[in-house]
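Peer 1: Take a look at the letters that make up each chain.
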Amino acid sequence: MLACHAGMGLNPDRTAALAEAAGLELPPERLEPVTEALGELLALARGLDELPLEGVEPLLGPPTWE
Amino acid sequence: MTDGLLSVAEARRQIAARHLSAVELTEAVLGRIAALDEGLNAYLHVDGDSALEQARAADRRRDRPALLGIPICVKDVIDVAGMPTTAGAAGWRRHPRRDAAIVARLRDAGAIVVGKGNTNEFAYGADGLNPHRGDCRNPHDPSRVSGGSSSGPAVATAAGMALAGVGTDTSGSIRIPASLCGLVGVRPTFGRFSLAGIVPLAWSYDTVGPLARSVEDAALLLGVPIAPEPDVRGLRIGIVEQLVEAAEPYVSDGIGAMARELEALGAELVPLRLELLHHTTALHLIVQHAEAARVHAPWFQSQRDRYAEPVRRRLEAGRLIPASAYLAAQQARRLVVEEVARAMAGLDAMLAPSTPLVAPARDAVEVTVRGAPLPLRVALLMCTLPISQLGSPAVSVPIGSHAGLPYGMQIVGRPSSEALLLRIAAACEPVPSPLA
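Residue numbers (the numbering used here), protein chains in the order written: chain W, 1 to 66; chain G, 1 to 436.
Quick caveat, the hints were computed from the structure, so don't treat them as lab data.
Please read these numbers as outputs of a predicted model, since none were measured by experiment.
Every residue gets a Cβ at the ideal spot worked out from N, C-alpha and C, and that includes glycine.
Treat the hints loosely; a few may be bogus.
Unchecked claim - In silico negatives: residues of chain G with every beta carbon more than 12 Å from chain W:
| no. | residue |
| --- | --- |
| 1 | R13 |
| 2 | G31 |
| 3 | G48 |
| 4 | D49 |
| 5 | L68 |
| 6 | P200 |
| 7 | I226 |
| 8 | P249 |
| 9 | E261 |
| 10 | V337 |
| 11 | A341 |
Unchecked claim - Stretch-level coverage of chain G by chain W, calculated; a stretch enters the list once three of its residues show a Cβ under 8 Å from a Cβ in chain W:
| no. | stretch |
| --- | --- |
| 12 | 273 to 285 |
| 13 | 402 to 410 |
Could you put together the complete structure from these sequences and hints?
Peer 2: In structure tokens form, the structure reads like this:
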């Protein structure tokens, strides 16, 4: 899924489509800055792909240190 | 000493001995607010009449709870009954009838709420700048940032406009202003204190804790007993080398000097390298963007134009983060916690800078750290954000100054190790030099 987003080449049109699917109204003047910000976040997410995440349960409660 | 600059511990002693009344102390604090706050902008709301009424009630009490008659400043994301909660925002506000759980707890202990402290908009920032309500200014040099987002409680405490403060810490929002204002700040164990009545920022990281002028004062606010003579003999303490090496040389040198001092007191210092540390910024930003966007979703559409641009952009982008990215970040966070837990086996605590530098100028967009230009926000968060992943407590204690400006060091431990961390912090604590 991450690779899919990384490879789809984010642009304002795709951001508009994502926003519509997410129920977020984005005025046209917001598409460029949001595309840039989302692109940065997705780039950060791609960097996590180098970690051995297969089989790791997401941490969705207080860390227990066990 | 001016009453507003008394420590919590000393004020307690004087009130207990009836050498000082809660009304006298509160009047002194209100006097300092009247004299200083126009230049520092620590408070968004002051209710002097209510504070004096609380003080008169405190003076009538026959019992002697731990914080009886102590005036405090509460960050304006935390509900105080009868005062507006604005979260430092342009238009958003609520009028709580009930205190947040942490405020109720402090009031039960006798504390007096003087007012609501400035904050970055919705606590979503690290510098203490607020385009809607005015920047909070560093009391050591008003041309410098105070650090944030718990800027108001920090500056009020440092300047004697409260004896202590209550802030929130998600990515470093207590520890950063503590470092830049020369205070002790505690990020408690995740979940130790209820967050009921507090405007959230990111559920995975939010905590509430004290800002104080001494370790003893911080311990009193936390309700954690500490020994009068700190003893670190036999403790094994790690030094997070990557964070120390990433800070400005004067900060690294300060931590090195403190490590030698702890060794001289009988602790063993151990170098520590954490392989996954460099992934923490990525995973943190993904989790925080997604959770903050969800927090703000109910009102975002109607309030969009009232947000400052950086916060608005983060909230919009956060709404569009794929669930797979969020879950990958939480998987990565589990790996980080597991790595630190393994590294801490056989250790009692670890040390790291609180900030990589002293307070930058308020108009700085970028700062230079170790010769490299960094966005101000990145620099301020780089030492505290990795620690926020762990769920463990962290105490920021002032350990030095550079060019007349203070900086602090984090002492980090296992979950629920606040008493031990405060004991180590007390051994590191300098002789106080309060602002005049």
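Peer 1: With reference to the structure, classify each hint as holding or not holding.
Peer 2: The hints, checked one at a time:
1. R13: 37 Å, holds
2. G31: Nearest chain W Cβ is 43 Å from G31 of chain G, so the label holds.
3. G48: At about 39 Å from chain W, G48 of chain G clears the 12 Å cut-off, so the statement holds.
4. D49: Given a closest Cβ separation of 40 Å, the condition holds.
5. L68: 33 Å, holds
6. P200: 15 Å, holds
7. I226: Holds: least Cβ distance 23 Å, greater than 12 Å.
8. P249: 29 Å, holds
9. E261: 28 Å, holds
10. V337: Per Cβ check, V337 of chain G is inside 12 Å of chain W; nearest 4 Å; violated.
11. A341: 4 Å, violated
12. 273 to 285: holds (count 6)
13. 402 to 410: violated (count 0)
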